[in-house]
Amino acid sequence: MRTARLRTVHPALWAGWAALAAGAVLCVIGWYGVSGERYAERQLPYLASCTIPGAALIVAAAVLLTHGRSALAAARVEELYGLLVAAEPDDVEESAQTAAAPMAISGDLLMVPGGTLWHRADCPLVAGKPEAVPVDAKLVANGELSPCPICEPAEADD
Numbered sequence: 611m612r613t614a615r616l617r618t619v620h621p622a623l624w625a626g627w628a629a630l631a632a633g634a635v636l637c638v639i640g641w642y643g644v645s646g647e648r649y650a651e652r653q654l655p656y657l658a659s660c661t662i663p664g665a666a667l668i669v670a671a672a673v674l675l676t677h678g679r680s681a682l683a684a685a686r687v688e689e690l691y692g693l694l695v696a697a698e699p700d701d702v703e704e705s706a707q708t709a710a711a712p713m714a715i716s717g718d719l720l721m722v723p724g725g726t727l728w729h730r731a732d733c734p735l736v737a738g739k740p741e742a743v744p745v746d747a748k749l750v751a752n753g754e755l756s757p758c759p760i761c762e763p764a765e766a767d768d
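With the numbering used here, letter number 2 in the sequence shown gets 612, and the count goes up by one each step, no holes.
No lab work stands behind these hints: they were computed from the structure.
Each residue gets a CB set at the ideal place from its N, CA and C atoms; glycine is no exception.
It is possible that some hints are incorrect.
In silico EDC-like links for lysine to aspartate or glutamate, alpha-carbon gap of 20 Å or less [claimed, not checked]: (1) K748 to D718; (2) K739 to D718; (3) K739 to E762.
Label-pair distances were calculated between CB atoms; the ranges are [said to hold, decoys possible]: (4) A684 to V750: 44 to 50 Å; (5) W627 to G738: 51 to 57 Å; (6) A684 to A628: 21 to 27 Å; (7) V673 to K739: 38 to 44 Å; (8) V673 to Y649: 34 to 40 Å.
Could you build all of it, start to finish, from the sequences and the hints given here?
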C-alpha cells in the first residue's frame, strides 16, 4: 500500500541527483578551463560561467536531497501509522484495561544479587533465573533497592 505522498517524493530526489550531476560537470568544466589559462583575467570567465553556477547547483542538490529524504521518511512513518491504526483491535476499552494491568501479580518478592531492583516472583525480568533470591528487607529499608517499573512490586504491600 503506497500513498500518493510517497510517490510525489521521488521527483524531488531525482531532481536533486540531476542537479548534483550537472553541478559536478560544470565544476569540472570550469576547472579544466581555468587550468588551461595562465592569466587571472582569462580565468574569470570560466569561474563565472561554470564553477560558480556548478557550486550553486551542488548546494541546491544537497537541499533537494535532504528535503526528499526527510519527506520520504515522513511518508513512510505516516504509512506505518496508518497500518498500525488499521490493525488496532475493535474493543479498545478491553485492550486498554489489559495494558493497564501489571504484568506480574505474585506476592513473592525477588532480587538478583548485585542488582538495583526488586521484583515480583513472576516478573519477566527474573522469572526462570536461578540466581534470583528472596528480597533482603535490610536493602529495601536502606533504599539500596528500588521497585521494578515493569512488575510494580510496590503495589504488593497494598
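Hints, verified against the model:
Distance check on the hinted pair: K748 and D718 sit about 16 Å apart at the alpha-carbon level, within 20 Å; holds. A threshold of 20 Å between alpha carbons decides the hint, and for K739 with D718 the separation of about 14 Å falls inside it, so the pair holds. The hinted pair formed by K739 and E762 meets the criterion: a straight-line CA distance of about 19 Å does not exceed 20 Å. For A684 paired with V750, a C-beta distance near 47 Å keeps the hint of 44 to 50 Å intact.
The given range of 51 to 57 Å is respected by W627 and G738, whose C-beta atoms sit roughly 53 Å from each other. Roughly 23 Å separates the CB atoms of A684 and A628, a value that falls within the hinted 21 to 27 Å. Judged by the Cβ atoms, the range 38 to 44 Å given for V673 and K739 is violated: they are separated by roughly 53 Å. The beta-carbon spacing between V673 and Y649, approximately 35 Å, falls within the hinted interval of 34 to 40 Å.
The structure is inconsistent with hint 7 alone, although it conforms to all the rest.
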